[in-house]
Structures are given as C-alpha cells and as structure tokens.
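*Asks:* Go ahead and model the full structure; you've got the sequences and the hints to work with.
Protein chains: 6
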Amino acid sequence: MSDERSFDLDAYTERRQRLNDKILEGGHLGIKRFFNLDTKAYEDGAVDARTKEMLGLVASLVLRCTDCIDYHLVQCRRLGVTDAELQEVFNVALVVGGSIVIPHIRSAVETLESLPDA
Amino acid sequence: MSDERSFDLDAYTERRQRLNDKILEGGHLGIKRFFNLDTKAYEDGAVDARTKEMLGLVASLVLRCTDCIDYHLVQCRRLGVTDAELQEVFNVALVVGGSIVIPHIRSAVETLESLPDA
Amino acid sequence: MSDERSFDLDAYTERRQRLNDKILEGGHLGIKRFFNLDTKAYEDGAVDARTKEMLGLVASLVLRCTDCIDYHLVQCRRLGVTDAELQEVFNVALVVGGSIVIPHIRSAVETLESLPDA
Amino acid sequence: MSDERSFDLDAYTERRQRLNDKILEGGHLGIKRFFNLDTKAYEDGAVDARTKEMLGLVASLVLRCTDCIDYHLVQCRRLGVTDAELQEVFNVALVVGGSIVIPHIRSAVETLESLPDA
Amino acid sequence: MSDERSFDLDAYTERRQRLNDKILEGGHLGIKRFFNLDTKAYEDGAVDARTKEMLGLVASLVLRCTDCIDYHLVQCRRLGVTDAELQEVFNVALVVGGSIVIPHIRSAVETLESLPDA
Amino acid sequence: MSDERSFDLDAYTERRQRLNDKILEGGHLGIKRFFNLDTKAYEDGAVDARTKEMLGLVASLVLRCTDCIDYHLVQCRRLGVTDAELQEVFNVALVVGGSIVIPHIRSAVETLESLPDA
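Protein chains in written order, with the working numbering: chain A, 1 to 118; chain B, 1001 to 1118; chain C, 2001 to 2118; chain D, 3001 to 3118; chain E, 4001 to 4118; chain F, 5001 to 5118.
The set of hints was computed from the structure by calculation and includes no laboratory data. For each residue, glycine too, the CB sits at the ideal point set by N, CA and C. There may be inaccurate statements among the hints.
[To be verified] In the BS3-like style, the derived pairs of lysine-lysine whose C-alpha atoms are separated by at most 25 Å in a straight line are: (1) D:Lys3040 - F:Lys5040; (2) C:Lys2032 - C:Lys2022; (3) B:Lys1040 - E:Lys4032; (4) A:Lys40 - C:Lys2032; (5) D:Lys3022 - F:Lys5040; (6) F:Lys5032 - D:Lys3040; (7) D:Lys3022 - D:Lys3032; (8) C:Lys2040 - A:Lys32; (9) E:Lys4022 - B:Lys1040; (10) B:Lys1022 - B:Lys1040; (11) B:Lys1022 - E:Lys4022.
[Unchecked claim] Label-pair ranges, simulated between beta-carbon atoms: (12) F:Ser5006 - B:Ala1011: 50 to 58 Å; (13) A:Asn20 - D:Ala3084: 48 to 56 Å; (14) A:Leu24 - F:Ala5046: 22 to 30 Å; (15) B:Asp1083 - C:Arg2078: 31 to 39 Å.
*Replies:* Have a look at this one:
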C-alpha cells in the first residue's frame, strides 16, 4: 500500500478477465459454479442490485480485499451510487473494521479519482 | 457454536447495557467517543438507517461476530427489513465470506426464531 | 472458550440439520446452490475425500471456526484419518496460524475425546 | 457472546491445563516446541514481561480470541497492569480493530470483575 | 509481497497525506472524528506514546496491514524504540499470529533498512 | 492486486532469502526457533510432505497471504502436485473462504504460468 498507485480501469478489467478465463479453463465444475453464484449474488432481487453492490463494498472493505473493493467501486459508480452514499459506506466499514480499513479507504479514493464520474 | 442456543432478547439487551455501562464507567474519553461514533454510524443520512443496518449485518456476518450479528438482526427487524431481504444479505455474506459464515447464518436464523415478527 | 464444554455428536448433528433445514426453507436459490457446492467440495475427485477433509480441517483451524472444526473432525474420524495424522494437521495449523489457534486445538481434542474411535 | 457468562479462574485454569496436557500427550515434537516458544515469548527480555503481556492482550483483542484475552488479562493483573493501563490497551484495540472488538471488551470487563484485584 | 520493494519515507508520507486530505474533503463528520480518535489513541496517557506505538505495531502485524506496519515502524523509530525491542515485538506477533506474519516481518525489515537510524 | 504482475521465481527466492537472513541476523532466539518449526512442519512424517504442502497452500489461500501462496505453489510443483490436484485445493479454499479468495486464485494461476512445469 505504500507505493504510488493509479487505477487503470481497462488494465484492471483485462487482467481480471484474462485470469478468470485461465481459472475456468482448468475445467473444475465446482469453481465454475461458484463463479456463477458470485455473479448472481449481485443481481436485482428482493434487494436491488445497487444496494447489493454497497453490501459487497462494505464486506470487501472490512475484509480488506483491494481487488474486491475496486470491483465493487466500479459497479457502484456504474449503478449511480453517489459520492455521499459511498462516504456512508466507508464510514460504516471504518467503524466496524477499525483503522486498519483506512489504507483501503485511501486506495478506494485513489481508484475513484481514476474512474469516470457516475 | 455446537451447543443448543436460544436467543433471549431481554437478557441480551440487559447484559449488553450493563457491560457497556461498566466499560464507560472506566472514564476513557477515546472509548466513550468511539461508542458515540458507533451509534451515529447507523442513523439516517445519505444512506437511510434501514440500509445501514443491512450494511452492518453483512459486515458482521463476514467478520463472523455473533454478538454483532444478533444486534443488527434486532435492528433490521425493528426497521422492517423483510425475511426475503435478510436472505439476500445472508447470500451476499455467504458468497463473499464462504462456508465459514454458515455457522453464523445458522445462529442468525436461531436468533430470528426468538425475535418478535417485524 | 473458557467454559467447560463436552461435545455431543447427536445434539450437534441434530441442531446442524434442523438449522440447515430452516435456512433452506427460506427458499433462496443462491444459498441452496452454495450448500450443494459445499457438500460436493469434499467428495472424491483428483484429491480423495480423506485428504479433502484434512484440507477442510486445516482451513477451519486457521480461520478459527469451532463449528467447522468439529464437523471436519467428525468426517476425518469417519474416513479413518489417524490420530498421528490429525496431530500433523494441528501442527501445520499452529505454525501457519499461530498461538491464537491453540484454543481451537484444545477444543478439538475435547471433541475427539467425545467421538467414537476411528 | 450473547449468553450470560461469568469467568471462573480456577475452572478456566484447570480446563486449560488439562487440555494442554492432552495435546502434549499426543507427542508431536513440533507442537511441544511451539508451546515452549509461546511461553518464552512473554518472559522478560529487551521488553519486560509486563509490557509483553499488554502486547499479547492487544493482539488477542484485535484477533478477537476470547480465550487468549482472558489469559492475558490474568497475566496483566498478576504483573500489576493497572485499570487505567488496561483501558488504554482496550482503546488502542478498539481504534485499530473497530466495533467488532467491542463484544470482546465487554467480555474482558466481565472477566476482570471476576478476577482478584491487582 | 513477492516483488522487490524499497520503502521511500517521503513518498509514503506524501501519498498518505494527500489521500487522507482527499478523504476528509468528502466532509463526512463520522470519518473526520474517527481520524481524530486514531491520532489521539497513540498520545501519552496512562500508557506512554512509545509503548502505545509498540501496541499499534503488534496489532498491525497480526492483522497483516503493511501500510499500518510501516506507519508504526516510523513512529517507533522516531520515539527511540530500539532494534532489540522491535525484535521482541516481531517475536510476539510471530508467535500469536503464526508464519503468515513472516512476509510482513520481511517487509518490516526492508522498511527499517530505508529509515534513518533512531 | 489490480496491477499486472508476473512472478519471477529467482527474484522471489533471492528477496525471500535476503530478508530472512536479515531477520535472523537480528539474533532473536525465539524468531530463529520459529523459523525452524516452520521448515520442519512441511517435512515427511505421519503425513507426507506433498500432502502437507497442499495443507499449507489451502491455509495460505483462506488467510489470503500472496507471498505464502506463492511459496507453497513452488513447493507443490516441486513435489509433483498435479494441476488437477491444485484445482481441487483452489476449490476447497474458494468454498471455505468465499469470493474474497478469488483474487488470490487469480494471482496463483499467474504464478503457475511463470513456474516451470512439474
């Protein structure tokens, strides 16, 4: 976390896709099905997709998974989650997860700087 | 987790209050202020209290904190979060956090059995 | 963890089954599918079921999930994992996860005392 | 964490000793050596034992290991760590680890109530 | 962790400050107050600042937060924590948190190489 | 995790060795002994070295330690663990630890691409 970092959405998406493909090429049925469950978990249902992405974001923040945080930030922006709402999510994550979440909030605002506006 | 457990809301609330009071009697200003931040994090704001309780619940589930899960379940019910919505939150927590979350979902449904309906 | 605890396999299994049923009664398709993936992950494949249960046990130990540890101990015993092998798994978990794993190894030997021999 | 709990030092110590003995009876050399390292880590050295117990306590709090917290509380009291110092340790743990540490601070004050004064 | 890394204190401090400012510009009162609590938690009190930084370091090590570890190493050096004391803190973190802490101890000695002597 | 990364085994091994040497130069007996325990934990015993490396891998995956994952992947390949077996280990880690393990599986397949075949 201590190095300068700029988030490049295209490079991020390309690497993610390339390696997910590589994982799925392995042909393990359980892994393939897990990936499907992961995708479906954030689709509209009794809770709408926009709120689910906020749920995914707060979970990723308290578990301190940079890659997951970046993914849900991209989705939140795509679905119109506002900056004020993102700050509320950051605040819940900070209170629940403590100061060790702060480096990931720093990384998150860095990612947001690099994303096109909502 | 392996023992039979029934959730008694009154006993839970009484113990929580008694021990929070005991902690605050210690007089540490930082701890007192943290408790205030914790309370305020779930109040209506750019994100409404109902959604914030779902955020708190999913964070507590993936961090596997039984006491925190019980607290947010009580709040979710109080604010009218439906069973279908709770299941969606459980599902996001399960996908993000994996099967180690399942014992806490078992504990959560046990708690819900003991709570008055929404 | 500080209270005396004795593991009752029948009570454990009954509670687990009753609450799993309760969770699945909720009817969420994602949760149902996750439960299926969870079951299948420990079936014979390129790695045999016996080794997979040792993998599940070490993962549960380092993540410090008492309920999951108990489950995999039962399965390990059922599949003939020896005491000497279990100790090796405990040792890997202890080295990887540190002294915070010790209370769960204490709980594990307590559970093993209560299980019928392999 | 939601059930009433009272800490009984004698029962705690007896169970801990009995199960540690049981673990060591297994005869695994690695586990035995780890237990020795664990004991030695808290002895006087470049950092004194009293401070080391505070280090062990804050680590146990942020990792949320009730059994470990109880152990280090007993040691801290034995070595004369004051209530004001314990509150400072609780505060650092709370800020670093967030509100999910609170149930363990509640449990800690409950344990302290049951311990003889320093 | 697998890439060569050299710690540049000025770049680290500049990035940290720039992104903290960015976070606080968002204007969320809860986040601002949390940052204040975080700062105050390490000030002299019933426990002196030097010991508190060692508490912060051991907590960051067992939670495996590189950015937090670097921060507390800088503070420890600034407050005259000796190499022998740092090694004791590393040892407690290693015993409590296990071998998964080792990559962070490697990163810590790399950071220390780059810091001016105490 | 969001940046392109290629695993260079020689650079990885050199850095690891250089920093381990640096840590051990510090002369702390406890740390030295822990390093010995860590090495011995993966040697042939009641469980063979090959299976122990799979145990180490699954533990590193669910604890999400990139450096540890890379280390155990190298050892698994060296001991002839097949791609089909690695996929089974990935699947257990994924089911136990959830989608937050996925970025580390992506990183693992990237590392495997860079390793000589078994």
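*Asks:* Hints first: check each against the structure and report whether it holds.
*Replies:* Hints and how they fare:
A hinted pair counts as satisfied when its Cα atoms are at most 25 Å apart, and lysine 3040 of chain D with lysine 5040 of chain F qualifies at roughly 20 Å. The straight-line distance between the Cα atoms of lysine 2032 of chain C and lysine 2022 of chain C is roughly 11 Å, inside the 25 Å bound, and the hint therefore holds. Restraint check for lysine 1040 of chain B and lysine 4032 of chain E: satisfied, since their Cα atoms lie roughly 13 Å apart, inside the 25 Å limit. For the hint pairing lysine 40 of chain A with lysine 2032 of chain C, the CA-to-CA distance comes to about 13 Å; that is within 25 Å, so the pair holds.
The suggested pairing of lysine 3022 of chain D with lysine 5040 of chain F holds, with an alpha-carbon distance near 22 Å, which does not exceed 25 Å. For the given pair, lysine 5032 of chain F sits about 13 Å from lysine 3040 of chain D by alpha-carbon distance, which is consistent with the 25 Å threshold. A C-alpha spacing of about 11 Å is found between lysine 3022 of chain D and lysine 3032 of chain D, which places the hinted pair at or below 25 Å, so the restraint holds. Restraint check: the Cα-Cα separation between lysine 2040 of chain C and lysine 32 of chain A comes to about 13 Å, which is no more than 25 Å; the hinted pair holds.
With a CA separation close to 22 Å, the supplied pair lysine 4022 of chain E and lysine 1040 of chain B stays within the 25 Å bound. For the proposed pair lysine 1022 of chain B and lysine 1040 of chain B, the alpha carbon gap of about 21 Å is at most 25 Å, so the pair holds. Proximity of lysine 1022 of chain B to lysine 4022 of chain E is assessed by CA-CA distance (about 38 Å); at most 25 Å being required, the pair is judged violated. Distance hint check for serine 5006 of chain F and alanine 1011 of chain B: the Cβ-Cβ separation is about 57 Å, which falls inside the suggested range of 50 to 58 Å.
Checked against the hint of 48 to 56 Å, the C-beta distance between asparagine 20 of chain A and alanine 3084 of chain D comes to roughly 53 Å, which is consistent with it. Taking the beta carbon of each, leucine 24 of chain A and alanine 5046 of chain F are about 36 Å apart, not inside 22 to 30 Å as hinted. As the Cβ distance of aspartate 1083 of chain B to arginine 2078 of chain C is approximately 35 Å, the hint placing it in 31 to 39 Å holds.
Hint check: violations occur at hints 11, 14; the rest are consistent with the structure.
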